[in-house]
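Asks: This is what each chain is made of:
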Amino acid sequence: MNNKEFIAALSEREDFPLRDTKMLIQHLIGEMTSQLEDGNTLIIPNFGTFEVKKRMERVVVNPGTGQRMLVPPRLALTFRASSSLRAGTKKGGDAK
Amino acid sequence: MNRRITLPELADGVAKRATVPVSFAEKFVQSFFDVVEEALVKEKLVKVKGLGTFKLVDVDARESVDVNSGERILLAAHSKVTFTPDAGLRDAINRPFADFETVILNDSTPTEKMEAIDNEAETVAEGEVQAEKEPVMVVEPKVEAATQVVEAAESAVEAEPEVESEPVAEAAPAVEAESEPEAEADIAATSETEAAPAVESEPLAETETKAETSEPVEAEATEAGTAAKVQALQSIEPQTAAPETEEQGTNKHEIEEQETNEQGKNEQKAETETQTNIMRKTIQNILAALLCLFIGYAICYYFRPFELPTLSPAPLEQKATKAEQKEAEETKAPAEATETAKTTETTPAAPAAKPAQSYQQLEGGEYEIVGVKGTEVMSPGKTLLNISLKYYKSTDFVPYICKMNGIDNPDIVPLDKELQIPELKKK
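Same order as they appear, the protein sequences are chains Z and X. First residue of the first sequence? That's 7 in the working numbering, and the numbers climb one at a time after it. First residue of the second sequence? That's 21 in the working numbering, and the numbers climb one at a time after it.
For the record, the hints were derived by calculation from the structure and aren't laboratory data. This one's a predicted model, so the numbers in the text were calculated from it and none came from an experiment. Some clues are possibly wrong.
[To be verified] Covered by chain Z, per the in silico footprint, the following chain X stretches (three or more residues, Cβ under 8 Å):
(1) 91-101
(2) 316-322
(3) 391-398
[To be verified] 20 Å max Cα-Cα, derived DMTMM-like pairs, lysine to aspartate or glutamate:
(4) Lys67/X to Glu63/Z
(5) Lys75/X to Glu57/Z
(6) Lys75/X to Asp26/Z
(7) Lys96/Z to Glu63/X
(8) Lys47/X to Glu43/Z
(9) Lys28/Z to Asp80/X
(10) Lys100/X to Asp32/X
(11) Lys28/Z to Asp78/X
(12) Lys10/Z to Glu58/X
(13) Lys100/X to Asp119/X
(14) Lys60/Z to Glu63/X
(15) Lys100/X to Glu57/Z
(16) Lys60/Z to Asp111/X
(17) Lys69/X to Asp26/Z
(18) Lys59/Z to Asp86/X
(19) Lys96/Z to Asp78/X
(20) Lys47/X to Glu18/Z
(21) Lys28/Z to Asp119/X
(22) Lys69/X to Glu63/Z
(23) Lys28/Z to Glu121/X
(24) Lys10/Z to Glu121/X
(25) Lys60/Z to Glu388/X
(26) Lys410/X to Glu11/Z
(27) Lys100/X to Glu46/X
Cβ atoms here follow ideal geometry from the backbone N, Cα and C, with glycine treated the same way.
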């Protein structure tokens, strides 16, 4: 399901104009982004947790050339599905 | 930062942004994630622009171990949700670290820098150690002389004076030059060593004259009946030793009359010995002296504080005075030989007592500042602690240094400040 289909599905479910739905989704994602940029953790009940984690710098070696490189630290967004989401999708994936 | 934002709070923010009722925003946000879940179940993939991609990934069955029971269990194949953030969102979150770039490491550069730093620290430490060693070196010959004297006294009275004069020469650069004649003398002396003690008394009288000039020595040597070769070698040795001692003596300020007299006697003995047994003994003594030098050096290096060097002038002075008094006292008979043995024993005691005092200063207790020991210019890397350690072998004397230099806060010492290191004396 791509973005267009997703917006359509959400619009239909909410019985809300497509344009307004698109606008609301943008606001929602903007809000989520700003919160995550602040380092906050988003906890969505029955869905999962969005959290920013720091990956420490590390030295990697190119197995082919043996060249060593220092990979800088970075902040990564991680998502962990809640138990209910995991239970719901554990076998649901097979349905397609 | 690091707050936990729940759905109502998120909806609140959305409501403010979109200027819609909070209740509506809350319902919308809930619906948003519900749709994502439903779409995941239906299509295994949901792309949300600006947020990322939710995906259902199949996981194959695998064996694992039950953490509690330790039994091997089979985890069934299942699906799990993965989330890959959009490039825009990913970059936005990583913005604080965005300036970092992956650096290609050259094989040696990082470690070389680290090693270079280490080496610098080591060289600095070594330099300090060497500085410490040098003063110790000066002290050692004296200590050796003392030890040698004691040993010689035990074996034979005659040997002692020679021992003293030799260490002095060794202290000066001339040590090697002396060693050669000694080696030659050894060969000749080996046969004579036993007979020598008996002959000693006579030679002593003869030696009195020799001390003044080298010429008489040769005549006396023939009289003593010792080997001609040995005598020649011996005559050279005392002469060389005497000038050296005199030079050293010039540097010395204070001379103890008693000690000098004793030393003078010793020198007389040495002269007499040169004719007879001296050759053998000198060789033996020199070898012993070299051993003692190494041993004494090691001992001093490990146990002697810096203050010991200050003691060195006294023994040197004694030696110089010996040379001067030798001429005057040469008139005295062999009877002095026995006295010299005693005196030589006493002389070592004096230097020994001084080091003991210095040790007391180093050990705990209260001290008073009696003078300036040296100066130290503060430079990067220097601390009051390591200066104290350098001068006193202990970090406990920082307060004295502070007091001497009017430092109120030991943690803050201006760069390039010249510190005067106090000479401490126990109250």
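Asks: Work down the list of hints and note, for each, if the structure agrees.
Replies: Okay, the hints, checked on the actual structure:
no.	hint	in the structure
1	91-101	holds (count 4)
2	316-322	violated (count 0)
3	391-398	violated (count 0)
4	Lys67/X to Glu63/Z	violated, 30 Å
5	Lys75/X to Glu57/Z	holds, 17 Å
6	Lys75/X to Asp26/Z	violated, 26 Å
7	Lys96/Z to Glu63/X	holds, 13 Å
8	Lys47/X to Glu43/Z	violated, 24 Å
9	Lys28/Z to Asp80/X	violated, 37 Å
10	Lys100/X to Asp32/X	violated, 30 Å
11	Lys28/Z to Asp78/X	violated, 31 Å
12	Lys10/Z to Glu58/X	holds, 16 Å
13	Lys100/X to Asp119/X	violated, 34 Å
14	Lys60/Z to Glu63/X	violated, 31 Å
15	Lys100/X to Glu57/Z	holds, 18 Å
16	Lys60/Z to Asp111/X	holds, 13 Å
17	Lys69/X to Asp26/Z	holds, 16 Å
18	Lys59/Z to Asp86/X	violated, 29 Å
19	Lys96/Z to Asp78/X	holds, 9 Å
20	Lys47/X to Glu18/Z	holds, 14 Å
21	Lys28/Z to Asp119/X	violated, 33 Å
22	Lys69/X to Glu63/Z	violated, 29 Å
23	Lys28/Z to Glu121/X	violated, 36 Å
24	Lys10/Z to Glu121/X	violated, 35 Å
25	Lys60/Z to Glu388/X	violated, 58 Å
26	Lys410/X to Glu11/Z	violated, 79 Å
27	Lys100/X to Glu46/X	violated, 27 Å
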